[in-house]
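Turn these sequences into a full structure, and let the hints steer you where they fit.
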Amino acid sequence: MRIDLEPRLNRSLALDLGAPIVALAGAILIGGIVIWLLGKSPALAFQVYFINPLLEGWSLQELAVKACPLVLIAVGLSFCYRANLWNIGAEGQFILGGVLGGWLGILTHDEAYQGVIGGWWILPTMLALGVIGGAIYALIPALLRVWLGASEILTSLMLVYVAELGLDWLVRGPFKDPDGFNFPQSVVFDDIARLPFLAEGERLHAGVLLALIVALIGAFVLARTLFGFEVRLAGEAPRAARFAGFDDRKLTLMVFAISGGLAGLAGIVEVAGQIGQLTPKISPGYGFTAIIVAFLGRLSPIGILVAALVLALTYIGGEAAQVELSLNSDMTRAFQGVLLMCVLIADTATRYRVRLNFGAAR
Amino acid sequence: MTSEIFQLVLMTVVTAATPLILAAIGELVTERAGVLNLGVEGMMIMGAALAFAGAYLTGSTTLGAICGMLAGVAMAALFGLLTIGFAINQVAAGLALTIFGTGLSGLLGAGFVGLKRDRPGHVHIPGLSDLPYVGQLFFGEDIFVYIAFGLVAGAAWFLSRSRTGLALRATGDNHQSAHALGLPVRRTRFLAALFGGACAGLAGAYLTLAYTPFWSPGMTAGRGWIALALVVFASWKPWRVVLGALLFGGATMLQLHAQAASIGLPGQLLSAVPYLATIVALVLLSSGARKNATAPAALGQAFIAPR
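Protein chains in written order, with numbering that gives the first Met the number 0: chain A, 0 to 361; chain B, 0 to 306.
Heads up, a few of these hints could be off.
As the list claims (entries may be wrong) - Incomplete in silico selection of chain B near chain A, CB under 8 Å: (1) Gly84; (2) Gly102; (3) Gly105; (4) Ala152; (5) Ala155; (6) Gly221; (7) Val231.
As the list claims (entries may be wrong) - Facing chain A, according to a computed beta carbon distance under 7 Å, are these residues of chain B, among others: (8) Thr61; (9) Ile65; (10) Ala86; (11) Ala228; (12) Ser261; (13) Leu264; (14) Pro265; (15) Leu281; (16) Val282; (17) Ile303.
Treat the hints as calculated values from the structure; they're not laboratory data.
Quick reminder that beta carbons are idealized off the backbone N, C-alpha and C, glycines included.
What follows is the structure, encoded as structure tokens:
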């Protein structure tokens with residue numbers, strides 16, 4: 000069998016919008032078959048994963064809370080991937096943002112620092128530190144690529160492991176809560192160092208609004224500014240970009256700083272919003288899931304808003320499935336992998352006419 | 000006596016290097032054909048899970064290793080379908096393969112967590128294996144070590160001395176010219192990817208059958224990624240993979256011994272050594288490599304037949 004690809008001369012909007020939906024349907028179908036093979040009910044699994052979380056108020060809020068870091072990271076990644084640069088270390092940049100911002104939360108814990116000028120500056124500074132931490136960590140692979148030609152793919156990924164180990168050391172060492180019965184975790188931040196909740200007694204915190212704003216700004220920058228044009232041109236026609244006089248080294252540093260900064264912001268939003276302290280594991284793999292979100296959203300910030308909700312659904316459904324179907328979290332991860340593959344195939348189908356040629360060799 | 004200990008330490012270095020050699024030599028051949036498969040980690044962990052399952056159920060290390068290789072081949076075939084069939088971006092497809100493999104291996108291996116097997120015996124050649132100081136090191140390793148070295152020798156010969164190897168390199172350096180010469184670009188790449196998958200699966204099998212003889216989810220711990228870095232480190236030349244892998248094996252063992260001896264450094268810092276070493280190696284070799292551009296010229300580019 001041979002697969003023949005013919006470039007499509009004009010792409011239609013319907014195809015562009017339909018492709019991710021078809022991909023999602025395909026992934027759900029494959030997931031259903033796997034669950035059936037494991038001897039569980041696919042119908043029940045579908046209900047647990049994709050229907051039940053949408054039926055209750057608290058789980059809808061949880062959905063938005065889980066989608067929030069995914070949106071922040073994926074919007075940043077869309078800049079990188081549009082420019083054909085491969086930052087796959089967002090997980091590490093997320094951790095660095097959480098650590099650097101969280102460090103201020105720990106320092107200001109006993110209120111002694113707040114006496115004279117009040118505590119209003121703490122939260123904004125924490126968020127800023129989060130952005131700086133993530134951006135600096137992302138600039139390491141970017142600089143190594145620009146200066147020395149080292150593959151940014153491998154260096155950014157290696158730094159994830161380093162960041163995870165670093166966080167582990169901090170919460171068992173210098174950042175450990177002295178009154179915490181030797182548990183590997185920091186003190187719980189004061190309320191002033193926490194993101195405010197949008198309503199009393201609810202789960203929804205201000206980070207969700209932040210993610211929405213970031214996505215809108217990202218969409219504007221990518222579509223309507225010279226910088227956004229530069230990013231897209233560098234990815235689609237690098238030679239043309241060089242002839243136009245765009246500096247690809249500067250661009251590399253810029254998009255890595257943006258994606259790292261946003262991943263760092265996601266980290267501190269998670270730490271100061273959802274968790275409220277530093278623990279050895281502050282992310283259930285958001286940095287990697289965001290890669291899928293970015294592609295499912297077709298590398299457009301608005302598409303990413305929708306895609307993040309879909310992937311957040313798999314996290315919440317996955318937690319429920321552990322209880323109701325005794326399917327562990329590996330099912331969620333495998334499904335996410337299948338989803339990414341389906342999205343990529345659908346993406347090819349929008350750009351090429353795919354012909355299956357049976358009987359032909361090669 | 001101390002020299003006997005020295006020999007034992009060297010043997011653990013070889014043991015730590017073997018999975019890296021296996022995975023890296025497969026990826027090297029794949030990349031020489033122009034295919035960048037970032038899914039090594041995913042293929043390796045699938046190989047690890049299924050090799051243990053196969054060996055546990057059949058009671059045979061050989062059948063287990065074959066299961067591991069088949070798992071790697073199946074994953075590589077999926078990758079080939081995506082990138083060679085559908086011309087999907089290889090970086091994205093490789094990531095998808097790793098995410099998928101990590102999840103699926105956890106699902107399939109769930110029933111085997113906590114079980115144990117015996118390590119396969121070591122080779123024993125009467126006379127040679129009993130030589131003082133070097134006998135065990137050179138003639139008394141487990142069989143996988145010799146397979147790994149055999150694969151490196153085979154790949155080195157194949158790439159530089161055989162006609163097919165020349166065609167494979169041509170495919171990786173300029174797929175348009177290779178196509179114009181009538182070489183089957185997509186078939187060559189697909190087969191090269193399958194070879195890479197078999198090697199990565201075998202590397203995973205080594206981990207669960209000989210290195211730690213049990214299965215636990217996520218146990219490859221980034222070795223697939225380190226193998227990818229080793230290919231760059233080796234400038235896409237087979238024998239340099241061995242050198243690189245032994246250096247990494249040495250670094251891994253050094254940090255393990257340092258942790259055991261508790262020399263006062265935090266354990267996490269020592270655990271980070273292999274990852275930091277990878278970055279340093281990439282940086283050192285990339286800056287040197289740029290001068291004489293050793294990477295296959297068409298690496299990572301999808302081939303779409305002109306018509």
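Hint-by-hint comparison with the structure:
| no. | hint | result |
| --- | --- | --- |
| 1 | Gly84 | 4 Å, holds |
| 2 | Gly102 | 3 Å, holds |
| 3 | Gly105 | 3 Å, holds |
| 4 | Ala152 | 26 Å, violated |
| 5 | Ala155 | 23 Å, violated |
| 6 | Gly221 | 6 Å, holds |
| 7 | Val231 | 6 Å, holds |
| 8 | Thr61 | 27 Å, violated |
| 9 | Ile65 | 22 Å, violated |
| 10 | Ala86 | 6 Å, holds |
| 11 | Ala228 | 5 Å, holds |
| 12 | Ser261 | 15 Å, violated |
| 13 | Leu264 | 10 Å, violated |
| 14 | Pro265 | 5 Å, holds |
| 15 | Leu281 | 5 Å, holds |
| 16 | Val282 | 5 Å, holds |
| 17 | Ile303 | 5 Å, holds |
The structure shown violates the earlier hints numbered 4, 5, 8, 9, 12, 13.
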